[in-house]
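Okay, here's what each chain looks like letter by letter:
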Amino acid sequence: MSAMATPVSAPPARVIMYREALNEALREEMIRDARVFLIGGGIAQRGGSYKVTVGLLDQFGPKRVIDAPISESSFTGMGVGAAITGMRPVVEILFVDFTSLIMDQIVNQAAKYRFMSGGKGRVPLVLRTQGGSGGSLAAQHSQSLEAWFYHVPGLKLVMPSTPYDAKGLLKTAIRDDDPVIFIEHKLLYMEKGPVPEQEYTIDFGVGAIRRPGKDVTIVAWSGMVGRALAAAAKLAEQGIDAEVIDPRTLVPLDKEMILASVRKTERLVIVQEAVRRGGVASDIASLVQQEAFDYLDAPIAIVAGKNTPIPFNAHLERAAVPQEGDIIAAAKRCLYLS
Amino acid sequence: MSAMATPVSAPPARVIMYREALNEALREEMIRDARVFLIGGGIAQRGGSYKVTVGLLDQFGPKRVIDAPISESSFTGMGVGAAITGMRPVVEILFVDFTSLIMDQIVNQAAKYRFMSGGKGRVPLVLRTQGGSGGSLAAQHSQSLEAWFYHVPGLKLVMPSTPYDAKGLLKTAIRDDDPVIFIEHKLLYMEKGPVPEQEYTIDFGVGAIRRPGKDVTIVAWSGMVGRALAAAAKLAEQGIDAEVIDPRTLVPLDKEMILASVRKTERLVIVQEAVRRGGVASDIASLVQQEAFDYLDAPIAIVAGKNTPIPFNAHLERAAVPQEGDIIAAAKRCLYLS
Amino acid sequence: MYTPSFLEQLYRTLYTIRVFETRCIQLYRQGLIVGYFHPYLGEEAIASGACAALRDDDYIISTHRGHGHCIARGGVGANDYSPLRKMVAEVLGREDGYCHGRGGSMHIADVTRGNIGANGIVGGGIPIGTGAALGIRIRGSDQVVAVFFSDGAANNGVFPESLNMAAIWDLPVVFVLENNQYAVASPIEEMTRVPDLYERGLAYGVPSSAVDGNDVLAVYQKMQEAVATCRQGKGPVLIEAKTYRHGGHHVNDPGLYMPKDRLEHYKARDPVGIGRKYLLEQGQQTEEALRSIEQEVDRQMEEAIAFATDSPHPSAEEFLEEVQRS
Amino acid sequence: MYTPSFLEQLYRTLYTIRVFETRCIQLYRQGLIVGYFHPYLGEEAIASGACAALRDDDYIISTHRGHGHCIARGGVGANDYSPLRKMVAEVLGREDGYCHGRGGSMHIADVTRGNIGANGIVGGGIPIGTGAALGIRIRGSDQVVAVFFSDGAANNGVFPESLNMAAIWDLPVVFVLENNQYAVASPIEEMTRVPDLYERGLAYGVPSSAVDGNDVLAVYQKMQEAVATCRQGKGPVLIEAKTYRHGGHHVNDPGLYMPKDRLEHYKARDPVGIGRKYLLEQGQQTEEALRSIEQEVDRQMEEAIAFATDSPHPSAEEFLEEVQRS
Ligand SMILES: Cc1ncc(C[n+]2csc(CCOP(=O)(O)OP(=O)(O)O)c2C)c(N)n1
Ligand SMILES: Cc1ncc(C[n+]2csc(CCOP(=O)(O)OP(=O)(O)O)c2C)c(N)n1
Ligand SMILES: [Mg+2]
Ligand SMILES: [Mg+2]
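Top to bottom, those sequences are chains A, B, C and D. For the first sequence, position 252 (counting from the first letter as 1) is numbered 252 according to the working numbering, and the numbering increases by one without interruption. For the second sequence, position 147 (counting from the first letter as 1) is numbered 485 according to the working numbering, and the numbering increases by one without interruption. For the third sequence, position 151 (counting from the first letter as 1) is numbered 827 according to the working numbering, and the numbering increases by one without interruption. For the fourth sequence, position 6 (counting from the first letter as 1) is numbered 1008 according to the working numbering, and the numbering increases by one without interruption.
In case anyone wonders, no lab produced these hints; they're calculated from the structure. Values in this document were obtained by computation on a predicted structure and should not be read as measured data. Note that the Cβ used here is the ideal one computed from N, Cα and C, for glycine as well. All clues stand as given, with none of them false.
Residues of chain A clear of chain B, computed beta-carbon distances all greater than 10 Å:
(1) Glu24
(2) Gly47
(3) Lys120
(4) Lys186
(5) Met190
(6) Glu197
(7) Thr201
(8) Val206
No more than 27 Å apart at the CA atoms, straight line, and that leaves these computed lysine-lysine pairs for DSSO-like:
(9) B:Lys389 - B:Lys401
(10) C:Lys936 - A:Lys51
(11) B:Lys593 - B:Lys552
(12) A:Lys332 - B:Lys593
(13) A:Lys332 - A:Lys214
(14) B:Lys401 - C:Lys910
(15) C:Lys936 - C:Lys953
(16) B:Lys509 - B:Lys530
(17) B:Lys389 - D:Lys1262
(18) A:Lys63 - D:Lys1236
(19) B:Lys389 - B:Lys509
(20) B:Lys572 - B:Lys530
(21) B:Lys670 - A:Lys255
Please take these sequences and the hints and turn them into a complete structure.
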């Protein structure tokens, strides 16, 4: 795979929605491998709250597309057990907020089983979930919690921002022999983008330069990529040429792509929707200051969610997470233009 | 409170164990406030796996010192409900590893209730738990997971390294009107230190300079403080004068103390037992590079746990977490002496 | 057997919930309410009957489908419709709402009235309510907690965990299981082999039984007995109130999966209609008297809507200052 | 009724577990074993009887008190004591252990024999085992899973959650509840109002009953019936095997809280003694034949200890290289 989002010589691709791309990935992998099955709340009959699993029950039947009771902790654990014994479960947790109910099965069981068994056992499980704010869903349905998983050895962590990536990365996740946390964004499901008809997968650990630039590097993922690109467009109008990098997978992280960009621009802004304290942005900053110390011309700026639960009221909700203007301001601060 | 661990003009203090200091804090606060009660596994009859609650059942009876079934998620939630309705629960979760079972009640309920209720509700709950490696307890009883809580708005986070701090900070935690995560370290329970007879509390957000120095700043907390001090002693033999800072509470964090030290030494090593990726150390590094960028003479070094579950075998266990030598090497790297 | 004024108050509660939900659904369609909104239509008798059996110093805890509990507990009375205003303001996200617009429909709490609050985590409130009961036991008072939840939440492991702890410590908590036979679109028959969910309580030694959840007096009586058991220090009781939603899971769910005949069956046993009949027959009120209550509620609801739409959005500046201080 | 060779193999298993635990406790006291060590002494009949009813392609999942399950499932036989060597090596943390010293007592797994493994999280294995059964159902095979856990784990919400899902999807899983009446020092009577824990299964429509957990043949028969139910596609079964530990919770717990008379009662019904008697009486073996089996096991255990103590510690360098690659 090239580091760019779309292969250079691909034929013109269809334009489909993120949720359709996810649906295709699930469908293709279920056709390809009889061991793949889906389990979650309301994913079969209803086709999922965000319509990602629409039609799969009809095609694959109730043994492989399973509507589970509200027993998240156990049906995730059942995914772990099925994975250990030869299946390839894709467990859906409707909101990343609810992963608070399944951390034991993910962290103490799935993530550690391979190691604890001396390498003899594997857990090829995909946890699909969805995060971020937007739409006034309030404090328990709007969090960005990728940092929890990022901190746990044994887990891979994928956060696609485009339909193309959503499909290719989900297929790769399902084929991976170890547990993968796959976090979608609620505001992206209806976003459209080019997705080729022909089969493809995307390697983990390969970031995408969404916009090349030379003055400042902006790293963003998931729902923040669009906002970073919008900010970059505004910055361009002001003569500032920002490079926007989407790591696509946070574990493994394409550190080299970020470092190469920073060595070029000498300035770095990291944008995350999650609250700043203890977020992934801090970790990326800590890596970059360590490995590109002599290149940095300004402190690395982090644009992140405020230190608060997400409010219900839409105005407050917007105030709680990074907006275009915040990104622009941070980029200018790095350039000592503010 | 002075920033130093022991008040300057205090009379000579007794020397007691960390676990005894914790026991005193619980006892004193239970005497002081009838709303305080304890709930956890094996804390009443047995006095706790690490003997922290010894004698409290006899003194306060089974209504206030409660042995719970293995229903962590619910008895934590019961603490939340009791706290909302006027009590001051101290919930004990035997190993921080098991907090994977209670994240919903801590993160979605306790941490957010005050905010979601528009400031009308409060959750004065203390979660006492214990982390870290040592003693071959293997992958599910040896983790350092403070980063999870550190990332959650609405929680305070305390990690005492001495008997003095353990007592004073636990008393403050119990008197706090909001939820406090209080993480002890399994290797510290038998450690001894001076603890005054007279009543005291320790303000949150006030770090302690464990060893003043001028060449390099070492920040460490919980089980790593001792190791950092041992490293500093060895460094001193080599003519390197390290300042060792123990933040004592990670939320709130005494950022000013760390920044002041870094402005003086111009070099920073952060030591954590937790795995490096996504740990608290990364966040502190990101803050310091942001706010003391022009002072830093070298990249901030992070000495942290390896990217692995903790192995059972004692040799591997040691290899998985920071040792004195690692800290010494990092300090020298910062001084370009390696 | 029951005084007219008692029956009148029961009916006022039933009818207020009905009007609140009906009007708010319209506001939702107008775009004035956003986010998740789960109406309690068809289940009004449970909150109304259960809360009527509680004392002012008792507690309740609610769910994502929590408007009914909040109104029933909030004590909308002949002379005080202020709870209604705070409710509408909150679901509109306004500063004068119960939670100053921070919580919204899914997180309405009314701490001053002992309503610990709604919850966005299905089952999340069960241990919290049980913990309120633990606090009561430690204090040695004779307060009681009513924990409301539905069939879906009963499959969250915290339900049996909490039931068991309530049992061994004789906690004064009534588990009010509103079995509306659906968790979103999942029918109870597919989610358990034993749709009589009260049997789970028996396995933990908790007195447990079912009641017609559409009959406000049946619920009230059951609840009274349960509350008495709790106040006597005999520990928890589980009441399974059988009911059915009058529509989909939330405003945007047409509920097409709900079999027409079952829906009709339950609509024919409309809890508001049943309560009305009680007031007419047992309460010996005239149709005219009832109409005047209804008109008053209708009017109050319009006032509440006017109040709420007039209420300002919370200030983003103040919010950010609060965050800064935190 | 049972062949002598079957009874002999059952006894070999019982006795091997007994010897393993007894000798390892000594090794622990000598400082050769460190960390947590939870002996299965007194409960040998459950693992031995239950695993004897399984096929080679079935699965089991175990607990923190998992040595008995691993040995019983590992298939220590007259001609193959290699599982014993891997067990001892693992609890000593050596490279030749089942998990190359990474897991230790609390995490022993034997994937090749369908032993998914022990678990340090009480209850953690219950959904995992249930999930293995879900995989079986999807594949359409007639394998079965035995999920071992004890009374304490039954209070973790994942037990009822898993029970319910196993029930609605007719999963081929036997929940083997080893009710040894303690969770560490907490007696079952204080942790539930209904100490007959199998009643919890009934609330979910799962065929459930109790059995004498100290009688290896009683366990075997119950398990055979349960396994047959599962293989017929009729879904899960819950077996509550009543038993008692012969000592404290772990090596360092003297178990002083265990009433002497109860302990004596259960020790008098020693599972190893009962199995021995079956072999002598039903199996019509001579005392001498038994002694020779016992001596062989004793000898094999000493060899296993020698093997394990000779086995190297895993290499820290290799470990760090692995970590580097991860
Ligand atoms: C732990 C959790 N899982 C899933 C959801 C998504 N969800 C919201 S409401 C609901 C259905 C709840 O069913 P039930 O408990 O029967 O309540 P009812 O809607 O019938 O009142 C679900 C699954 C959630 N909010 N929390
Ligand atoms: C979730 C969790 N809570 C607490 C513990 C600490 N702990 C280890 S063993 C044990 C007792 C378990 O009791 P039971 O399930 O009856 O198993 P038994 O020891 O009787 O075999 C406890 C509480 C744990 N390991 N995991
Ligand atoms: Mg329901
Ligand atoms: Mg037990």
